[in-house]
Amino acid sequence: MVRYSVEKEYEGMIDAYQKAGGDKDVLKSRDTAKLVVHENKVLANDGIKGLKIDTVETDSGVRVNFTVEKGAKIDRPVHLCFGLLPKEGLQEIIMKVDAQDNSEVSVVAHCIFPNAVKVIHKMDADINIGANAKFDYKETHYHGEDGGIEVIPKARVTVGKGGVWQSTFALSQGLVGKLDYDFEVFCQEKAVAELVVKAYGRGSDDIKILEKIHLDGRGARGMAKSRLVLSDKARAEVRGETYGNAPYARGHVDCMELVNGKEAVAVAIPMVSVTDDTAKVTHEAAIGSIDRKQVETLMARGLDEDEAVDVIVRGILK
Amino acid sequence: MLVVENLQLKLNGNSIINGLDLHVGKAEIHGILGENGTGKTTIANLIMGTNNYRPTGGRIIFEGEDISELSVSQRAKRGITLAWQEPARVEGLTVRDYLSLSSKKGRADRIERYLLMVGMEPAQYLDRDIDDTLSGGERKRIEMASVLAMHPRLAILDEPDSGIDIVALPLLLNGIMEMNKQGSSVLLITHSEKMAEIAQRVSILCAGKIIRTGTPLESSQWFKNNCLTCPHINEPAY
Chain V
9 MVRYSVEKEY EGMIDAYQKA GGDKDVLKSR DTAKLVVHEN KVLANDGIKG LKIDTVETDS
69 GVRVNFTVEK GAKIDRPVHL CFGLLPKEGL QEIIMKVDAQ DNSEVSVVAH CIFPNAVKVI
129 HKMDADINIG ANAKFDYKET HYHGEDGGIE VIPKARVTVG KGGVWQSTFA LSQGLVGKLD
189 YDFEVFCQEK AVAELVVKAY GRGSDDIKIL EKIHLDGRGA RGMAKSRLVL SDKARAEVRG
249 ETYGNAPYAR GHVDCMELVN GKEAVAVAIP MVSVTDDTAK VTHEAAIGSI DRKQVETLMA
309 RGLDEDEAVD VIVRGILK
Chain E
14 MLVVENLQLK LNGNSIINGL DLHVGKAEIH GILGENGTGK TTIANLIMGT NNYRPTGGRI
74 IFEGEDISEL SVSQRAKRGI TLAWQEPARV EGLTVRDYLS LSSKKGRADR IERYLLMVGM
134 EPAQYLDRDI DDTLSGGERK RIEMASVLAM HPRLAILDEP DSGIDIVALP LLLNGIMEMN
194 KQGSSVLLIT HSEKMAEIAQ RVSILCAGKI IRTGTPLESS QWFKNNCLTC PHINEPAY
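Just so you know, the protein sequences line up as chains V and E, in that order. Quick note on numbering: the first sequence equals residues 9 to 326 in my numbering. Quick note on numbering: the second sequence equals residues 14 to 251 in my numbering.
The set of hints was computed from the structure by calculation and includes no laboratory data. Mixed in with the good hints, there may be bad ones.
What the hints assert, rightly or not - Result set (DSBU-like, lysine-lysine): computed pairs, CA atoms no more than 35 Å apart in a straight line: (1) V:Lys233 - V:Lys220; (2) V:Lys186 - E:Lys23; (3) V:Lys27 - E:Lys53; (4) V:Lys126 - V:Lys78; (5) V:Lys233 - V:Lys126; (6) E:Lys222 - V:Lys301; (7) V:Lys270 - E:Lys222; (8) V:Lys270 - V:Lys186; (9) E:Lys23 - V:Lys169; (10) E:Lys237 - V:Lys301; (11) V:Lys288 - V:Lys36; (12) V:Lys198 - V:Lys241; (13) V:Lys301 - E:Lys207; (14) E:Lys90 - E:Lys23; (15) V:Lys326 - E:Lys207; (16) E:Lys23 - V:Lys270; (17) E:Lys39 - V:Lys301; (18) V:Lys32 - V:Lys104; (19) E:Lys90 - V:Lys220; (20) V:Lys126 - V:Lys81; (21) V:Lys216 - E:Lys23; (22) V:Lys206 - E:Lys90; (23) V:Lys241 - E:Lys90.
Stated by the list, open to error - Not the full set, but computed from the structure, chain V residues with beta-carbon under 8 Å of chain E: (24) Asp33; (25) Leu35; (26) Lys57; (27) Gly58; (28) Val275; (29) Gly310; (30) Ile324.
Just so we're clear, the structure is a prediction, and the values are computed from it rather than from any experiment. The C-beta atom is built at its ideal place from N, Cα and C for all residues, glycine as well.
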């Protein structure tokens, strides 16, 4: 395996991030809280008032304790950058998040694997959102065109009374490889959870999505949304599960998969359950091809068919 | 500009368009007036090449070239475009991006102007998606703005007034006339005699065939006297 110096790794990560469309000035700014991890090395760790990021390097990755202090409102998004530049390797991120009562933070995670041929990236997160705290988490992946990567993000999220958890997981640049996404959220009284997954599967990509929301507190609300586009021989199975277990809980599962080509395979399994007679959980799941009228609408403005499909796919995954 | 000769379309053995002849001149607004089910939208699809419609007979000549077998994109690149009666909605595509696709190079800065031309406040709409959150009327006006942004040689407008409220309708009509002043030909497909008044000539469609062409006044009067009271819908007696 090729080894890199710390400086080279840091510059390499920043360059790869920029090539993927990111703004490298954000990662270099001293005013922005950030954590940059290459393989199992912490290359940068800058906290900010009200936010503490503690890390421990392990043989295969990093343990991260991410704490947003009680009442802290973090103005600028916190950037997390995880990645692996060599072709082969393993990165395991064990994350413990404690967003204390009445805190607010927005976190943008960039996962960068531009050269992956045989790479495994695992994240195991235990996340606690305190009462009336708000946590917005956006994770975007930048993969290369080899598809030799296995991504296994798993999270268990507890959202306290009146708290809000919003997460978006996006994988549309480069080949997905193998994705096994598993997020489960438990909402207490009047808590809100929104899970969104967007992915573009091509080649032989293999995608498994499980979004589970338990509405355990009175008036809790949740939405599990997924948008997938599949072409070539890509396969995807999406399970969206929502459980209305408390009075006046409201939930919705919204799954849309578009199949572009004859060999791609899409499966959607929405599951809704209600154990309280005042709770209401709904679902919609649609699998189909890209709408011909949408394509022709754009073609009638002068786009070629491939360009029109590209605009539609990018819109869905935006 | 556009010459349609003996156009025919059969679908599942049924004749939908029956030897239709039509001439649209350069910078002309040409109205097509017809009752429901006479083939108005089918003509739009045949000229634009949409909905996989290809003539089973006849020719569509645009500026001297037979375009009957060209793709939608190829026709659009020759300057033809279509505003659908019920325009598609595209999740994640903003009004700004949609109008930019239509706008020729160097004209992207005029996008706001095209929205104003159809009575829409740019600040309220540019960053909205053209998805289900727009009302039918809003989506139609954005479709019209998108056609205006394209500066087409020939705009096919399929029922542009349907779903448009009375406040926005004059703006829409002005937009069509402005586009026409700038040199675009317009094929205005409608069942509204009022709408057809802005045309220079109006043809009446029945059972997939043009049965009469005249001034808007003559054609509207004839349409009112004959088509609106016609007991044999789509079986022309003329």
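Each hint tested on the structure:
Our distance criterion of 35 Å between C-alpha atoms is met by lysine 233 of chain V and lysine 220 of chain V, whose separation comes to about 11 Å. Annotation: proposed proximity of lysine 186 of chain V to lysine 23 of chain E is violated, straight-line Cα distance about 48 Å (limit 35 Å). Distance restraint check for lysine 27 of chain V and lysine 53 of chain E: the Cα-Cα separation of roughly 50 Å exceeds the 35 Å cut-off, and the hinted pair is therefore not satisfied. Note on lysine 126 of chain V and lysine 78 of chain V: the hinted pairing is violated, with a Cα-Cα distance of about 41 Å set against a maximum of 35 Å.
For the suggested pair lysine 233 of chain V and lysine 126 of chain V, the alpha carbons sit about 30 Å apart, so the restraint of at most 35 Å is met. With a C-alpha separation of about 26 Å, the suggested pair lysine 222 of chain E and lysine 301 of chain V falls inside the 35 Å cut-off, and the hint holds. Distance hint between lysine 270 of chain V and lysine 222 of chain E is unfulfilled; the C-alpha atoms sit about 39 Å from each other, more than 35 Å. For the suggested pair lysine 270 of chain V and lysine 186 of chain V, the alpha carbons sit about 20 Å apart, so the restraint of at most 35 Å is met.
Taking the CA atoms of lysine 23 of chain E and lysine 169 of chain V, the gap is about 64 Å. The hint is violated against a cut of 35 Å. Among the hinted pairs, lysine 237 of chain E with lysine 301 of chain V is consistent with the structure: their alpha-carbon atoms are about 34 Å apart, no more than 35 Å. Among the hinted pairs, lysine 288 of chain V with lysine 36 of chain V is inconsistent with the structure: their alpha-carbon atoms are about 46 Å apart, more than 35 Å. Distance check on the hinted pair: lysine 198 of chain V and lysine 241 of chain V sit about 42 Å apart at the alpha-carbon level, beyond 35 Å; violated.
Under the criterion of a C-alpha separation no larger than 35 Å, the hint pairing lysine 301 of chain V with lysine 207 of chain E is consistent with the structure, at around 29 Å. For the hint pairing lysine 90 of chain E with lysine 23 of chain E, the CA-to-CA distance comes to about 27 Å; that is within 35 Å, so the pair holds. A threshold of 35 Å between alpha carbons decides the hint, and for lysine 326 of chain V with lysine 207 of chain E the separation of about 42 Å lies outside it, so the pair is violated. About 29 Å separates the Cα atoms of lysine 23 of chain E and lysine 270 of chain V, which keeps this hinted pair within 35 Å; it holds.
Between lysine 39 of chain E and lysine 301 of chain V the CA atoms are separated by roughly 28 Å; this keeps the pair inside 35 Å, and the hint holds. With a C-alpha separation of about 26 Å, the suggested pair lysine 32 of chain V and lysine 104 of chain V falls inside the 35 Å cut-off, and the hint holds. With a C-alpha separation of about 48 Å, the suggested pairing of lysine 90 of chain E with lysine 220 of chain V is violated against the 35 Å cut-off. Our distance criterion of 35 Å between C-alpha atoms is broken by lysine 126 of chain V and lysine 81 of chain V, whose separation comes to about 40 Å.
The straight-line distance between the Cα atoms of lysine 216 of chain V and lysine 23 of chain E is roughly 46 Å, outside the 35 Å bound, and the hint therefore fails. A distance of roughly 33 Å separates the Cα atoms of lysine 206 of chain V and lysine 90 of chain E; the hinted pair therefore holds under the 35 Å criterion. With a CA separation close to 33 Å, the supplied pair lysine 241 of chain V and lysine 90 of chain E stays within the 35 Å bound. Given the 8 Å rule on beta carbons, the hint for aspartate 33 of chain V is violated: about 24 Å separates it from the nearest Cβ of chain E.
Proximity of leucine 35 of chain V to chain E is violated relative to the hint, the smallest CB-CB distance being about 27 Å (cut-off 8 Å). The criterion of a C-beta within 8 Å of any C-beta in chain E is not met by lysine 57 of chain V, whose closest approach is roughly 33 Å, and the hint is violated. The interface hint given for glycine 58 of chain V is broken, as the beta carbon of that residue sits about 31 Å from the closest beta carbon of chain E, more than 8 Å. Residue-level restraint check for valine 275 of chain V is violated (minimum Cβ-Cβ distance to chain E is 21 Å; threshold 8 Å).
Hint status for glycine 310 of chain V: holds, given a least beta-carbon distance of 4 Å to chain E, under 8 Å. Against a cut-off of 8 Å between C-beta atoms, the interface hint on isoleucine 324 of chain V holds, since the closest Cβ of chain E lies about 6 Å away.
Figure legend: structure checked against the earlier numbered hints; hints not met, in rising order: 2, 3, 4, 7, 9, 11, 12, 15, 19, 20, 21, 24, 25, 26, 27, 28.
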